[in-house]
Amino acid sequence: MTEDKIKNLLQQADKAAGRIAPVEVNVSAIRRRAGRKNMIMMVAPLASAAVIMLALSILSMMFRTTEPTMEHRKIALLETQIKQLQARTDAALSLIQEVLDQERRQSRLNELQAQLASIPDPLEEVRKQVDKTAFFLVYQADRLYRELNQTDSAVENYNRVIELFPENRWAKVARQRLTEIENRKI
Amino acid sequence: MAEKIDDELLVEQFRRGDETAFERIVKQYSADVAVLANRLLGWPSDIEDVTQDIFLAAFVGLKKFRCECSLKSWLFTITINKCRTNRYKRWLRLRRFSQEIYKVSLSSACEEKYMDTDEFKHVRRAVAALPPRYREPVVLRYIQEIGTDEISRILGISKNTLNVRLSRARKRLREDLAELIEL
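Residue numbers (the working numbering), protein chains in the order written: chain A, 1 to 186; chain B, 1 to 183.
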């Protein structure tokens, strides 16, 4: 009900406003405006591209020709500082490398010294061998003299020990044995 | 149906470069378009520029028209969009000079209240004061008497949304025009 009332009211109000004067639509003007619009649509991107290119070229020329500004100077100073820092860093790195090499050489040297220390003295070895041989000869002579009663052979062995190893303690023993044998004969 | 075939013929002729086709379209629909624009803009009577803009937009876009709806509906859609733009531009202009406009509108409004003996003027002002989302369905449904299917197509909204908007618009109008409706 209300909807119909509103509808009637609105239609009456619209009628009361009266008829509008016939509108003259100028088709040729529309065609002209549409043509202009089309042209703008086509030309605008080209024009804006040209303007951008021009602005870019002007900017690049400005950058090429201008005097060094404060910023440029700052940049140059910073670059110098960076180069100096780089040189200092390189020097420090080479020093560290040198120290490390030295440490490595030292540790190798210690290692070699330890190895050398572990190797037995050859002179001592020879002395030990000499002592052993002299002992063996005395021992053999003792056996010949005391167990087998071959006094001549025993004397020969004792004499060999004295001849070969005169400074050895077993040469002293051999001399005592020879003196003993001499005393017995008498 | 015959109208739609005529529309398709006209559009096809326009696409093939027949210059008279657009003139025929203008002749056929300019009155309807102007009436709708007048109603949507609040009955200002001076709608020649808007109509010209509407047909310029139609001229530019006619080659892309796919005849999925009638040419009249398509022109009405353009009309609605152009009226929205027009109202927005007018609002921007008013806002720019808001202080002066405020003074002028205040005094003229007071004066109008005294002099407004025409109740229909009050109705038209109530319709014009509605927000676009309510005013457009009201004008199309109750004044233009277009079916809801076509309105939803013209406005690009669903039927449910349209019904909701119409209902809310009626509520507002009932509030604004309570005295007139009860008479």
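Hints may be right or wrong, so weigh each one.
Unchecked claim - Derived DEER-like restraints, expressed as beta-carbon distance ranges:
| # | chain 1 | residue 1 | chain 2 | residue 2 | range |
| --- | --- | --- | --- | --- | --- |
| 1 | B | D6 | A | L59 | 57 to 67 Å |
| 2 | A | A16 | B | R174 | 16 to 26 Å |
| 3 | B | R84 | A | E24 | 21 to 31 Å |
Calculated directly from the structure, the hints in this document are not laboratory data. Just so you know, these numbers come straight off a predicted model, no measurement behind them. Note that beta-carbon positions come from the ideal geometry of N, C-alpha and C, so glycine has one too.
The hints, checked one at a time:
1. D6(B) to L59(A): 57 to 67 Å: Taking Cβ atoms as reference, D6(B) and L59(A) lie about 59 Å apart, which means the hint holds.
2. A16(A) to R174(B): 16 to 26 Å: 20 Å, holds
3. R84(B) to E24(A): 21 to 31 Å: 24 Å, holds
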